[in-house]
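Chemist: We have chain A already, so just place chain B on it with the hints.
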Amino acid sequence: MNKRLFKRIYKNKTSLCGLLLVTLFALIALLAPVLAPTQNAHNPYQLPQASYQIEPQAPSTQHWFGTTEQQYDLYYGVVWGTRLAFKIGISVTLFAFLIGLCVGGTASYFGGKVDETLMRLTDIVFAVPSLVLAMVIAAMLGPDIKNMMIALTAVAWPSYARLVRGDILSVKQRDYVTAARTLGAGGGRIFWRHIVPNAIYPSVVVASLDIGYVVLTAASLSFLGLGAQPGTADWGQLIAMARNWVLGTPGHPLAYWYTVVAPGGAIFLFVLGWNLLGDAFRDILDPRQG
Amino acid sequence: MGRFMLRRLCLLPLVVLGVTFLLFFLTQRLSPEMRASLYVKDPRQMGALEEVIRQYGLRDNVFKQYGRWLGNVVHGDLGYSPSANMPVAQALKQYLPATIQLALVTMLLVVFFGVWFGAASAVHKDKWQDIVARFISVGGFSLPIFVLGLILLMVFYGKLHWFAPGGYSIQTDIIIHSSAFKTYTGFLLLDSLLNGQWRVFGDVLSHLVLPALTLCIGSFALMVRVMRSSMLEELNKDYVRTARAKGLRESQIIYKHAGKNAIIPVITLAGIQFIRLLGGTVIVETIFDYPGIGRFGVLAAQQLDIAGILGFSLMVAVLFVVGNLLSDILYTAADPRIRLE
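Residue numbers (my numbering), protein chains in the order written: chain A, 20 to 309; chain B, 6 to 346.
Chain A on its own, in the form it takes in the complex:
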């Protein structure tokens, strides 16, 4: 399976692009301390400030991507923002998936009323667009990165619960499960040893490819002022600061283009990478593609 998978990714140019982009960002995230050495070891996600001058400064040899409002360095923000994006994306997806696995697993294992109750619970979360629900939850919890991650997890788990439940229900009908039962295996053993490992594989792939989407939603929340606070190396937050400067100066309407393009380009390429990779995986997982 894995060999075939990589072969197909290499063969397809767009999915190869996706793989390269994601790898590149992963390297930036890993090498952040080398690429942009931090002066603040306790909190490297705090953007360094060159001075307290308000007006953004254009890219120079000192500040490769320029500085945004209040002289926050954009290069530093993009590099450490990558690390923060992975941190948010991976932990939110992981926790949401674990919750989804527990809920979906319980629902499909017990069936009947338990199943009905848990699935109606997922309906409740699905009743509001996820960005809107995350926004409201984040606002109530108070705007900071940790609360934003809780809000994102709270809106993300139901889709995994549904996915896992569906997969488990279909695997339950397979012959080897009947065979295990005939051999006298207990309910718990069948569930954990035979059903779950076979059922969760597709959901794991779907979940891991959602990292791009989670990061996009997180950036949207930060942009609205309900996530990372000013001065944090967070892409959404950097764009929120750029908002005050989009109209430029009289005579030079595009004077501060770099305040939008640097963090905006980073988000775009990051999400693009995951989406391209996601398309490739969907094609591979689709049995009709042979």
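Please keep in mind that the hints were generated in silico from the structure rather than gathered at the bench.
The structure presented is a predicted model; accordingly, all values stated were derived computationally and were not measured.
No false leads were slipped in.
List of simulated lysine-lysine pairs, DSS-like, C-alpha gap at most 25 Å:
{"#": "1", "chain 1": "B", "residue 1": "K132", "chain 2": "A", "residue 2": "K32"}
{"#": "2", "chain 1": "B", "residue 1": "K130", "chain 2": "A", "residue 2": "K32"}
{"#": "3", "chain 1": "A", "residue 1": "K30", "chain 2": "B", "residue 2": "K130"}
{"#": "4", "chain 1": "B", "residue 1": "K132", "chain 2": "A", "residue 2": "K30"}
{"#": "5", "chain 1": "B", "residue 1": "K130", "chain 2": "B", "residue 2": "K242"}
Modeler: Coordinates of chain B only, in the frame set by chain A:
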């Protein structure tokens, strides 16, 4: 089918109640003083919060409080919103038409350009038109709307001065608030036509261009994909070959035969996407300072205006749930092979 719909209809209010209770439960994290704003109708009352807390029992348990809130909602009282500076019910009534107007214009753009690009992409498979359309459909999915919105604002407002942010200009504001201008529907595009005010119509429409363009990007990308694959499928069918064998012109085959069939999934998708746009309006309306329900929700969330947040969430949940049900019905109506169980 009938039983399924009945079940869905019965579940509808339950789901909406579930969402609002969940959010109401979350509000309990905030101090009674902050929650007192829910019941303050007049800003002058803000000084006497302790009295309000006692009067409305804001230190009671959550079920009792939720029941009281729900009772007020049934009577049309959603509390006072400090962030909008008016009662929540009035704010929702005032802002909702603008958002629906924006979503409708966006949907028109999405369907029109989505079908056009998607069909062109399928007809010219692997030519430059196809490559451009595919590039847009992948890129559009990944471009965050707040980045696109700021870039459009920078270019079309900052540089070119073509379109301004906001809902309408000052001149329009004077006209629509004059006694001569009658409000029939609350939808400014429609009302301006009914009043014969062409300049107001043009002004409102020009303020819709940038938000609609920004909002359409994600749905547009999806639409191009669906139209492309649907058109490709139709073009490979036997009836198209028969039409070609009959000697029909290629344009006739594309538009009259294949196009008509290929558009079916697009129409159902449009129904679903229309509801999905609601999420995006929060960001777009904030960027362009567009006076809709999304901006109202964001301001309420930013300022922890609980009455506003709860009212906004209730409204969105009702719209979303009813819209999803309608699009399911549309789905089965468009394709009789699909059965809802």
